[in-house]
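Q: Sequence:
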Amino acid sequence: MKNRVSIVIPYKDDSAAKQMKDCIKSLFAQGTPPYEIIAVGAKDLKLDRRVKHIKDFGDKNAARNIGIKNASGDYILYLDHDMTAEPNLISDCILLMSLYDAVIIPEKGHGGNFWENCQKLEKELIQYDMHTVTPRFYKRSLFKKGDLPFDGRFGLLDEWGFNHKLVKLKARIGYSRSYLNVKQNGLTLKNEIRNKFFRGYWMKNFYAIDKDEAWIRINPVKRGLLFYGTRFYYLFKEPIYFPGLILLKTIDFAAFMAGYAYGLLKR
1 MKNRVSIVIP
11 YKDDSAAKQM
21 KDCIKSLFAQ
31 GTPPYEIIAV
41 GAKDLKLDRR
51 VKHIKDFGDK
61 NAARNIGIKN
71 ASGDYILYLD
81 HDMTAEPNLI
91 SDCILLMSLY
101 DAVIIPEKGH
111 GGNFWENCQK
121 LEKELIQYDM
131 HTVTPRFYKR
141 SLFKKGDLPF
151 DGRFGLLDEW
161 GFNHKLVKLK
171 ARIGYSRSYL
181 NVKQNGLTLK
191 NEIRNKFFRG
201 YWMKNFYAID
211 KDEAWIRINP
221 VKRGLLFYGT
231 RFYYLFKEPI
241 YFPGLILLKT
251 IDFAAFMAGY
261 AYGLLKR
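Residue numbering for the sequence shown follows this note's numbering, starting at 1 and increasing by one per position.
A few of these clues could be false.
Claimed, not checked - Under the rule of at most 20 Å between Cα atoms (straight-line distance), these lysine to aspartate or glutamate pairs were calculated in the DMTMM-like manner:
#	residue 1	residue 2
1	K108	E238
2	K183	D13
3	K168	E213
4	K108	E86
5	K249	E116
6	K139	D151
7	K183	D80
8	K170	E213
9	K204	E238
10	K60	E122
Treat the hints as calculated values from the structure; they're not laboratory data.
Whole structure, please, built from the sequences with the hints as guidance.
A: Have a look at this one:
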């Protein structure tokens, strides 16, 4: 099998231009360069001439599917525009393909304001949690020609839906040694609540498709008390941001469940 890697990056508008350029720069700086990079968005950002641009954007699920449909590599790596890759990411993932069908790539937060530093800590805690993180690198052959890896029924829970498909396919999943760096600039509590509310809105569809997996992902005892309780030692490592993270996750859960309730009422 050849080792051609197609990278798909959706974006909404020209506000993503700066971060997209950083993302693409990190990809072309790889020891093993990508076979192709496909950017999917409503406006051509005039990126590196080696990047293929597809002018289309309904939502992130649709954009990813469009990019993947037009990809011709042996492997697919899908990213968000605010991510940058460590120098050996692609080669690390390719090496793992002899053992696995898909690879989870751990993420490192960028940090910044108080809430961004709390999220940075969260990424450190969840990087090996199979019910939180989702593979981003996978064998194209996992899906039959014409199949859409991302299901629109999951809406903003897009990566949960993708993970659900991999589980159904009994895909073998590994972990990369290299990381993706994520820059979430200007995070505010208001935006976080709004995001979680609208993610919760889509939970009704996930629950209808697989209620057992849906419950595992939102179980407040297992996903909240037990998960963070067994990591209580972080209070001594991060005495400011660990309590902040607990507060943030409590607010997230309340906003998510409010969105879920709203979604049920709108049926």
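Q: Could you run down the list of hints and mark each one as holding or not?
A: Hints versus structure:
At roughly 16 Å between alpha-carbon atoms, K108 and E238 fall within 20 Å of each other, so this suggested pair holds. At roughly 17 Å between alpha-carbon atoms, K183 and D13 fall within 20 Å of each other, so this suggested pair holds. The suggested pairing of K168 with E213 holds, with an alpha-carbon distance near 11 Å, which does not exceed 20 Å. Annotation: proposed proximity of K108 to E86 holds, straight-line Cα distance about 10 Å (limit 20 Å).
Between the alpha carbons of K249 and E116 the distance comes to roughly 13 Å, so the proposed pair stays at or under 20 Å and holds. Our distance criterion of 20 Å between C-alpha atoms is met by K139 and D151, whose separation comes to about 18 Å. Restraint check: the Cα-Cα separation between K183 and D80 comes to about 10 Å, which is no more than 20 Å; the hinted pair holds. Between the alpha carbons of K170 and E213 the distance comes to roughly 15 Å, so the proposed pair stays at or under 20 Å and holds.
For the given pair, K204 sits about 35 Å from E238 by alpha-carbon distance, which is inconsistent with the 20 Å threshold. Restraint check for K60 and E122: not satisfied, since their Cα atoms lie roughly 23 Å apart, outside the 20 Å limit.
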